[in-house]
Amino acid sequence: MSNAASDSGLEFSVHRVAAMVRRYWYLLVSSWPRLLDLIYWPTVQMLMWGFLQLYVSKNAGFAAGAAGTFIGAVLLWDILFRGQLGFSISFLEEMWARNLGNLMMSPLRPTEFVAALMIMSIVRLAIGMVPVSLLAIAFFGFNVWSLGLALVAFFINLILTSWAIGIFVAGLLLRNGMGAESMAWTIMFLFLPLTCVYYPVAVLPHWLQYVAWCLPPTYVFEGMRALLIDQVFRADLMVEAFAFNTVLFSAAAFAFVRLLESARVNGSLMQTGE
Amino acid sequence: MDATSTAAIAVADLVKRYKGVAAVDGISFRLAPGTVTGLLGGNGAGKTTTIAMIMGLVTPTSGTVSVLGAQMPGQRYRVLHRMNFESPYVDMPMRLTVRQNLTVFGQLYGVLDLTDRVATLASELDLNEFLDRPTGKLSAGQKTRVSLAKSLLNRPEVLLLDEPTASLDPDTADWVRGHLERYRAETGASILLASHNMNEVERLCERVIIMKRGRIEDDDTPQSLLARYGRQNLEDVFLDVARGRGERRETVE
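Just so you know, the sequences run in chain order A and B.
Mapping of the first sequence onto the numbering used here: position 106 corresponds to residue 106, and the numbering continues sequentially without gaps.
To convert a position in the second sequence, counted from 1, into the numbering used here, add 274.
These are calculated hints, taken from the structure and not from any lab test.
Yeah, the Cβ is synthetic: ideal placement off N, Cα and C, and Gly gets one too.
Rough simulated footprint, nothing fancy, chain A against chain B, three-plus residues with beta-carbon under 8 Å: (1) 330 to 340; (2) 345 to 356; (3) 360 to 370; (4) 381 to 387.
Here chain B stands alone, though its shape is the one from the complex (with noise of 0.2 Å):
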């Protein structure tokens, strides 16, 4: 069997540039199955090209993305329908009510049981209230517990989530946190995860990368993190990266 297919995702010697310019230069890493792991860094160190490159909006200059054993973008069509995202970068139809976005979205990845898979995402999700509300009048937290829904409509077994609590308050944010738990616990699904939330990522991934211009400054799990760079919090470590106070690792597997 080969390597990339006992992986979720594979990315290989990853680089993305734009008119001479780095945006992803020459990362590297493998997610296993069911797990979740954070992707940080700074505005603008590659995170989001690296999603899109995930999810073959993209195409790389060199390297190779591998998403459930297909390669990326050219055989993306075999497992669209097995992963979904979700991103502060795109919104759903305003005019559309909660629920015409859904079933439309539903339809759109094959959901067989779509009537009963929205009340169940709507249910647990909280959003009966205003599941037949025009979704362009909901609120910042509310869209994006609609942008959730979606991005769980079809069961992935890959989730790409792009700051998924930015906009809510801290209890909902937490519920949501809560959310993605039972998910990932119940399916099995591997998650990756760009956050600015360092509690977020503390509390939902065993693995931590982190990236800086365009490289992977940091791969390893939160608590080796905090342990080799000495400090107490996420955050610390973060800025620690981010202003070139820590040892870069010289090797990422």
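The following block holds chain A by itself, in its conformation from the complex (with noise of 0.2 Å):
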């Protein structure tokens, strides 16, 4: 490894990451609240959409054709939001333990820890969304496996926005501390009703529209409508998010870089406390 590559810290180490991913596991597994938390709230989404959806398709005579979209609506908005929240809520597991510090001076460097964060968003992903995709077949025959090629894009279009989500968040935390925690459980929130999760994006206003197309999630959750209403994998839409994606994905790398050097500069790291 070259002295530059070493300086900048672009050096990857996947022992370093392995580490990480362990510290985070080790977490996980002594503590049943944190487990419990993963699938309780995805449950009551699941559960709470779906007996919702039956009573609109049975009273308003709603398409069958359209049965599935609110519950994969809920399914796909979990991966989205869970997605930056499992990023999210292993970097403030740091910053809750003190051990901040520890890390920053150690030889981890922020691309591992980066990477530990999101191999950890993915774990806990799958904690809590495996067993609720199981209880939507059984509560409702909704299966969210049988969409196959399309599941694989809209999950990895989907992560890679929550990624960059928390990314960001995780850049505010180590420059601003604990007072930008709450950042880290609403920002995602915004993205409710802009990337049209459960209506489609004809419903806003024209003006709004444009907003919503500059979001990788909105092309999901259309993507998600013309499978489940039309059978129609729509591809383009995929190609597009993914093009979003990778310019949001840069744009959240950067800031976190601007603001980490920065939270050196105030020294901010020193003081992970409000």
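Quick one: dock chain against chain with the hints and give me the complex.
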């Protein structure tokens, strides 16, 4: 490895990533409330929207082809929301434990830290979402796994967005301390109305549609409705979502690096409290 | 060879300002390899900020810091695996057991013989009794010993210690000091020790740097300081400096 790569922190060690994943895994399995929390709320959400969909389809003559859109939307929304939350909560665990100084003064590179947080967001997502997806089959006969390759495309785009937002929030936390904690919990809700999770983009005012189409998840939720209602997989929407995700992820990584530099200048890494 | 490359730590004209207020105000010193240096000063003197800049956690406003020949913070990844620290301002994850914590940090520092190293440190620092207990369930003294074990995991060449015996009873504190003395003697490590315990500084350090309001007020061996201030112990020297009764040296090497 060249000195230049070493100096810039671009050197990458799988062992250090594994160490961080091991640290979060130890934490998860030592705490049943943490495990329960991963499953509890997605289950509540899925049941609530599933029963609402049953009611709407029976009483409003909602098209049979649209039968899975609410449950599909809530499951995909949870990938987006829980993916970001899984990333951000793992990061917050370091701040709550006052362990960030230990990590920042260790050989752990920021890229390795972020990679470990990404892996943990998938682990946490799997623990929560796999049982919930099975419950959706049992309660409502909705099998999200039957979406096949489309589900893979949806998942990749949603998880990329969730990581981008998670990286940006981590930068804010490094720079501003626990004063920015609420952002970790609430920032994704800004995406809820704008990315048209439960309704088509056409419902939005014309000017707001431009904003919606700048957000990668919008393409995923439109794609999901096209698949469930029209039985058409819109690959073009997935490609566009990926392009916007590339821009969003790059911007988030840039912001993270700048916020980390700013935290070093301002001494925020020494004071990770309020 | 660059002059800074022969020093374990070289600090030159180091300044750190926060919103115009100087936390560290133009300090310079060089620590020779294999030495133990005490960093003394009252609260707000700039000790912790100085250590944070040496570790690369804080970017200086001006001046330079070099550790084992690497400029901090720009080249920190060249040397972070060769240094370590212990501070009351950070904790180990509380829900993880002592063994889990040491394993995770050992892996982060790339310790090759990790199982053996953890076993050795557990034995040397008397951790075996609670090695599989959650770190959060330990007493303050036990936690300090665990933090010390973490700081020694990678056999650091440069060790920065911030109040390493602050929460220990006199017997355990004495035992920890003995361990640090042995570690230095066996490895030739350089140690920078920030402490309010003057007995500890007198026992461990061959050199003492006294800071006040971000500046170095004095810098000498404990014996020379005692002789120059006409005092019997470092605590009185410290009080003289803190209350402005002593002579401040004009230049510090």
